Amino acid sequence: MSADNNCIMETYAGPGARMLSNLRFNVLVSFTTMPVTERKGLLLRLILPSHKGWIRMQDVHEMSFMLTLAQLNTFGGNRRFSFYTFAYYKFDHKHDPITAYFGVSLKKAA
Numbered sequence: 071m072s073a074d075n076n077c078i079m080e081t082y083a084g085p086g087a088r089m090l091s092n093l094r095f096n097v098l099v100s101f102t103t104m105p106v107t108e109r110k111g112l113l114l115r116l117i118l119p120s121h122k123g124w125i126r127m128q129d130v131h132e133m134s135f136m137l138t139l140a141q142l143n144t145f146g147g148n149r150r151f152s153f154y155t156f157a158y159y160k161f162d163h164k165h166d167p168i169t170a171y172f173g174v175s176l177k178k179a180a
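Remember, our numbering sits 70 above the position in the sequence shown when you count from 1.
None of these hints come from the bench; they were simulated from the model. For clarity, every value in this text was computed on a predicted model and none was experimentally measured.
Across the chosen pairs, the derived CB separations fall in these ranges:
1) R109 x H165: 13 to 21 Å
2) H131 x T103: 29 to 37 Å
3) Y82 x A179: 18 to 26 Å
4) L93 x G147: 33 to 41 Å
5) R150 x K122: 36 to 44 Å
Using N, Cα and C, we set each Cβ at its ideal position, and we do this for glycine too.
Whole structure, please, built from the sequences with the hints as guidance.
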């Protein structure tokens, strides 16, 4: 990772992620190298502290979390960032993740 093209760095030392909704999950934060692309990325694992260790994801209608005390690198002008998600589920998609992509635009304040 370089300061030129990444906003959240491996040096992140904050207290981690906090669930904002659907508080039944705990979020564990780490950095990893993605197996296919060999690119480094932020890994957020949602852990369910239940006696079963799993729930039906069809029963989860929403969830949100915030990465607390993250310091962003400075950037000039407006920027668009791409996020790729890979969801691995214990039984159905353990080796075949559900993937998604979304973009976020940031505008530098005057």
